[in-house]
Amino acid sequence: NAGVTQTPKFRILKIGQSMTLQCTQDMNHNYMYWYRQDPGMGLRLIYYSASEGTTDKGEVPNGYNVSRLNKREFSLRLESAAPSQTSVYFCASSYRGQGANEQFFGPGTRLTVL
Amino acid sequence: AQRVTQPEKLLSVFKGAPVELKCNYSYSGSPELFWYVQYSRQRLQLLLRHISRESIKGFTADLNKGETSFHLKKPFAQEEDSAMYYCALSKGSARQLTFGSGTQLTVLP
Chain A
1 NAGVTQTPKF RILKIGQSMT LQCTQDMNHN YMYWYRQDPG MGLRLIYYSA
51 SEGTTDKGEV PNGYNVSRLN KREFSLRLES AAPSQTSVYF CASSYRGQGA
101 NEQFFGPGTR LTVL
Chain B
1 AQRVTQPEKL LSVFKGAPVE LKCNYSYSGS PELFWYVQYS RQRLQLLLRH
51 ISRESIKGFT ADLNKGETSF HLKKPFAQEE DSAMYYCALS KGSARQLTFG
101 SGTQLTVLP
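In order, the protein sequences belong to chains A and B. According to my numbering, the stretch in the first sequence is residues 1 to 114, in order. According to my numbering, the stretch in the second sequence is residues 1 to 109, in order.
It is possible that part of the hints are untrue.
Unchecked claim - Calculated cross-link-like contacts (lysine-lysine; reagent style DSS-like; alpha-carbon spacing at most 27 Å): (1) B:K73 to B:K57; (2) B:K65 to B:K22; (3) A:K57 to B:K57; (4) A:K71 to B:K91; (5) A:K9 to A:K57; (6) B:K15 to B:K65.
Claimed, not checked - Only some residues are given here: those of chain B computed to face chain A with a beta carbon under 8 Å: (7) G16; (8) L44; (9) Q45; (10) L46; (11) R49; (12) R53; (13) A83; (14) Y86; (15) Q96; (16) L97.
No lab work stands behind these hints, which were simulated from the structure alone. Predicted model only: the values in this text are computed from it and were never measured. Where a beta carbon is used, it is the ideal one built from N, C-alpha and C, also for glycine.
If we strip away everything but chain A, and leave its shape as in the complex, we get (with noise of 0.2 Å):
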């Protein structure tokens, strides 16, 4: 049970290049979410799924696509990458149940763009 894995773990990008972060959980979790963690600002939501097949904006999604592949892949794509978005890259996923469930995070990817 590896729970959330990522790839890749680090990439460095020119400004205008395009590249897609992978994100895999084998939780059977129907929630999954892409996260950017920047200096003094927290962890901000980028898109999320409720489940496979459905994504919605969360509250920085310019510059970036998603897609839900399935019910243990989602996919971050960045098609023309800016400096801006040089960060580090979380995927979280987590049940759909009653109460206050908790979300499981990935390792990370620390992006770079130059």
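The hints should help you fit chain B onto chain A, whose structure is shown.
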């Protein structure tokens, strides 16, 4: 709109001293609040949630709706408590989290 405020970016205490990490929130509904912790070189993980009223690793947090606060407390800090702590509020149909900006706690020997 919902907001989570952690007023202290950095907090240092000596080992054995009490520690309190402040968190205030604004939310029109009934809040679900959490504390997450990120130890050095580890992934973000749940520390505790208000609904459970639990004590984890000696930490407790009480939801005060009158003061809209959810401060994290521990009576005797340990060096292994040094980490980044995030207060978070859950809302929406998919229980999205709104995080505070975090407090870096350093426990000095």
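Consistency of the hints with the structure:
1. B:K73 to B:K57: holds, 11 Å
2. B:K65 to B:K22: Since the Cα atoms of K65 of chain B and K22 of chain B sit roughly 14 Å apart, the hinted pair holds (cutoff 27 Å).
3. A:K57 to B:K57: violated, 35 Å
4. A:K71 to B:K91: holds, 22 Å
5. A:K9 to A:K57: holds, 24 Å
6. B:K15 to B:K65: At roughly 31 Å apart (the allowed maximum being 27 Å), K65 of chain B and K15 of chain B break the hint.
7. G16: violated, 29 Å
8. L44: Hint on L44 of chain B: holds, closest Cβ of chain A at ~4 Å, below 8 Å.
9. Q45: It holds, given that the least Cβ distance between Q45 of chain B and chain A is near 7 Å, below 8 Å.
10. L46: holds, 4 Å
11. R49: holds, 5 Å
12. R53: violated, 11 Å
13. A83: Status violated, d = 14 Å.
14. Y86: Check passed: Cβ of Y86 of chain B comes within 6 Å of chain A, closer than 8 Å.
15. Q96: holds, 5 Å
16. L97: holds, 6 Å
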